[in-house]
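Chain by chain, the residues:
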Amino acid sequence: MADPILSVRGLKTQFFGPEGVVRAVDGVDFDVFEGRTLGVVGESGCGKSVTARSVLGIVDRPGKVVGGSMKLRRANGEVVDLGTLTNEQMRKYRGPEIALVFQEPMASFSQHYTIGNQIGEGIKLHMGLDDRAAKKRAIELLDMVGVPQPARRVDDYPFQLSGGLRQRVMIAMALSCDPRVLIADEPTTALDVTTQAQILDLLRTLQKDRGLAIILITHDMGVIAEMAHDVSVMYLGRAVETGSVKEIFETPKHPYTRALLRSIPTVLAKPRTRLPTIAGSIPHPFDRPKGCSYHPRCAEIIGAVCEKAEPPAVDTDDGRQVRCFLHGGMEEAKASLAGASA
Amino acid sequence: MIAFMTRRLLLGVMTIWLISILSFIIIQLPPGDFVDAYIAQLSSSGSQVSAAEAENLRQLYGLGEPFYVQYGKWLARIVTGDFGESMEWRRPVTEVIGDRIWLTLLLSFAALLVTWGLALPIGIFSAVRQYSFADYAFTLVGFIGIAVPNFLLALVIMYFAFVWFGASVGGLFSAEMALAPWSAAKVWDLIKHLPLPALILALGGTAQLIRIMRANLLDELRRPYVVTARAKGLSESRAIIKYPVRAALNPFASNIAYLFPYLVSGSIIVSIVLGLPTVGPLLVKALVAQDMFLAGTIVLLLGVMTVVGTFISDLVLMWVDPRIRHQMD
Numbered sequence: 001m002a003d004p005i006l007s008v009r010g011l012k013t014q015f016f017g018p019e020g021v022v023r024a025v026d027g028v029d030f031d032v033f034e035g036r037t038l039g040v041v042g043e044s045g046c047g048k049s050v051t052a053r054s055v056l057g058i059v060d061r062p063g064k065v066v067g068g069s070m071k072l073r074r075a076n077g078e079v080v081d082l083g084t085l086t087n088e089q090m091r092k093y094r095g096p097e098i099a100l101v102f103q104e105p106m107a108s109f110s111q112h113y114t115i116g117n118q119i120g121e122g123i124k125l126h127m128g129l130d131d132r133a134a135k136k137r138a139i140e141l142l143d144m145v146g147v148p149q150p151a152r153r154v155d156d157y158p159f160q161l162s163g164g165l166r167q168r169v170m171i172a173m174a175l176s177c178d179p180r181v182l183i184a185d186e187p188t189t190a191l192d193v194t195t196q197a198q199i200l201d202l203l204r205t206l207q208k209d210r211g212l213a214i215i216l217i218t219h220d221m222g223v224i225a226e227m228a229h230d231v232s233v234m235y236l237g238r239a240v241e242t243g244s245v246k247e248i249f250e251t252p253k254h255p256y257t258r259a260l261l262r263s264i265p266t267v268l269a270k271p272r273t274r275l276p277t278i279a280g281s282i283p284h285p286f287d288r289p290k291g292c293s294y295h296p297r298c299a300e301i302i303g304a305v306c307e308k309a310e311p312p313a314v315d316t317d318d319g320r321q322v323r324c325f326l327h328g329g330m331e332e333a334k335a336s337l338a339g340a341s342a
Numbered sequence: 001m002i003a004f005m006t007r008r009l010l011l012g013v014m015t016i017w018l019i020s021i022l023s024f025i026i027i028q029l030p031p032g033d034f035v036d037a038y039i040a041q042l043s044s045s046g047s048q049v050s051a052a053e054a055e056n057l058r059q060l061y062g063l064g065e066p067f068y069v070q071y072g073k074w075l076a077r078i079v080t081g082d083f084g085e086s087m088e089w090r091r092p093v094t095e096v097i098g099d100r101i102w103l104t105l106l107l108s109f110a111a112l113l114v115t116w117g118l119a120l121p122i123g124i125f126s127a128v129r130q131y132s133f134a135d136y137a138f139t140l141v142g143f144i145g146i147a148v149p150n151f152l153l154a155l156v157i158m159y160f161a162f163v164w165f166g167a168s169v170g171g172l173f174s175a176e177m178a179l180a181p182w183s184a185a186k187v188w189d190l191i192k193h194l195p196l197p198a199l200i201l202a203l204g205g206t207a208q209l210i211r212i213m214r215a216n217l218l219d220e221l222r223r224p225y226v227v228t229a230r231a232k233g234l235s236e237s238r239a240i241i242k243y244p245v246r247a248a249l250n251p252f253a254s255n256i257a258y259l260f261p262y263l264v265s266g267s268i269i270v271s272i273v274l275g276l277p278t279v280g281p282l283l284v285k286a287l288v289a290q291d292m293f294l295a296g297t298i299v300l301l302l303g304v305m306t307v308v309g310t311f312i313s314d315l316v317l318m319w320v321d322p323r324i325r326h327q328m329d
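One line per chain: the protein sequences are A and B, in this order.
Okay, so the first sequence: first residue is 1 according to the working numbering, each after it adds one.
Okay, so the second sequence: first residue is 1 according to the working numbering, each after it adds one.
Bound conformation, chain B alone:
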């Protein structure tokens, strides 16, 4: 098992390395070199860059040298935590991304909890009471959840929240807290703002996971080991929860891996509509503005997070399913 995990880790590092090459290619894609673009940007806003300054920058990034040298220099700086400069914001990329990465992670985690919290009981109920009225009702709601784009849902909820409660839903902080430094009050403000965006972001995935859970559990409920459990004299609820539900849990674990990239790239519109300070809208802006160091960094981060997420989901799967655990030996 330890050998397997080491292998997985090494593979993960390899994957991240490949992603870094890809990110660098993205940074290199726009015509002309980065310094040209930088100078053009600066001059359009009225500042001038001297030839000496430009030459310095070219040296720093290794421009004019072969691709692998440039890549090497870029990678070496990244390792020290220098992700380059955002042209759009004229600030280091790390500063621009800043808290957003943590807020995105937090939001992902909250959405994951909501997804699980809703999908698990509803999925179990729908399978155990197959074709009951409630099963049909959940199925209907579930299909609506899958079919309706969640930015639309976000708009609808914002509308009603405003009309009925006079509450403005949007962002993760209230206006007066958004720029304030971190404090207990700000954390509390965040916690208060978290549930609604988390719910909206979770709904599409929840509807899907309910369908998966229901289908899986329906399969498992027909297995002979359920009869065995009943033949032992277990109560119906215990027999179902201990055996088939446990066997149907695997998709919940694999879900972890997809959630983070989904949240960044799949829910950009929701984030824009709700004004969420996540990485998604930032990525869009960076791409539109050809802010390549920012875009490349976000793509790299996304890749790293996906690899980490997959690794975590593998660990959880191994914990949930002993067959996977023992295949490793």
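Pulled out of the complex, with its shape left as it was, chain A reads as follows:
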């Protein structure tokens, strides 16, 4: 496989509140390749969205990227670590290199400007086009994402569009400056199932046509199965298992991944049987468990070790990465625990 467009290693983003530090993202690694989709999946609050914002350098205060590298390979082959850029330098990457599609298209548009104005804004800023050329391009983009009567719609306000159309417009806006990486943060959560399928189709078509690298953030395993080539399962700010979509769905290795997959309802299930759930609930961010952060909810906990030591990321034989003592790291952990208590 070719070199990744975006390679993130050990990303750490923390929020410094008055009550203490929240480690929202705590050592995330992933690679994104041209023309491929990386699915990032996990429960609410596991750090998916913060990861996306960290890459663009738009984490809200009091949050801050405190560690790790985010290497972006530009079209000319130059490799830039986004973490080292100042906000002012980073601005020219937002849009032309990496663009974001948001969860709630209604709230993510301003209701005070026409969609043409909001799409054209980035175009004027990054491509240096004038008002007329920017509007022309906005119409072309609307046409490309399948908005009917784009020349008329371009002067509409977001509240005049349906939810599905708004999300198409959002995608048009994200693609306005020809980005190479598209981060889609729960792009279909607010939509009904039919519209959801149409939007996912659109993303797939655009990826095929333009070789887009897509990071798809979702909590919906169905969307992942349909869209992703690679999957990263996140829990409490960490990627607990990363691998190809086929492997993860067929032979999940991490107990958390297995539990997640078990709790998907299926049409084949016997009526009136209870859907398996994951025991317990997500710990409070200030009260992160010691050791493996999943151990209080884990069905396969190895006493004494999981409660005390953090499992390292282990590369398995089939090219996957798993953070779990069931799959390695046990000897080292035992040794260091013994050393610490001696």
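Worth double-checking, as some hints may not be accurate.
No more than 27 Å apart at the CA atoms, straight line, and that leaves these computed lysine-lysine pairs for BS3-like [as the list claims (entries may be wrong)]:
id: 1; chain 1: B; residue 1: Lys-242; chain 2: A; residue 2: Lys-124
id: 2; chain 1: A; residue 1: Lys-64; chain 2: B; residue 2: Lys-242
id: 3; chain 1: B; residue 1: Lys-242; chain 2: A; residue 2: Lys-92
id: 4; chain 1: B; residue 1: Lys-73; chain 2: A; residue 2: Lys-136
id: 5; chain 1: A; residue 1: Lys-290; chain 2: A; residue 2: Lys-334
I should point out that these hints are in silico values taken from the structure, not numbers from a laboratory.
Based on these hints, arrange chain B on the given structure of chain A.
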């Protein structure tokens, strides 16, 4: 949209009509009829009114006839610009009010500009730099501004202006200009006298509007569309001014409607302290003296101005917020 505006206009006319009934009731409230009071007034100052004269007046105002006939006669005269006679001043009401109405409007407008000019930048700054030293400082000053009655502020400023600069602050004209006919020099004199009263009148409202702007903008700053703007690569200042500030502007527009009545009825004491030739002090005097045609006329004018102000503020709101504009269709 045009249908909506027509509807609004019709409603406004209806409201004004209701206000006119109210004004007329106020005129009718004192015991005895107006001519009795008029005669009593005149005789207390030594003049006599003959029975024939009194009868003429009764005819003119339709006294003794049913309420609606009297109201009709009154309204018919108002439409022709005759608001009746002020008993206190013995002159037509229009003459007594005269320039005061325009000066009040001018002062309202100046105070509005000062309010906006101060509240907008300070509100934005306080929200964007929430909990900074300057934010706390503005908050403190703002609360003092809300808490201190502005006539007190007016006294304090007058005192210091006199002690430090030997300037007498008060009125809208210098002594030699006050009674002079309108001329370029008088206009210039007015412009020179305008800022201080405008500032004093504006301060209370400014402090409030800063709080509203800050709270609104803090809400808006957390909205996802701000993240969208940043994700497009906009600079921070442009992202904030174009999107959340624009969304937080609505209270500025609705402010227009309240300012005029506030200035007349809410700031009477300031006007008296500063000797401002506005309608406010005149209304107080008219009420004390039971000068009912004058009082009724001022109440009617206030009502009309409020209705007009609300209409203007609606138009501005429609211009500022496309959602309101499109709800109309």
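Please name the hints from earlier in the document that this structure breaks, with their numbers sorted from lowest to highest.
Going through the list in order, the structure violates hint 4 alone and respects the others.
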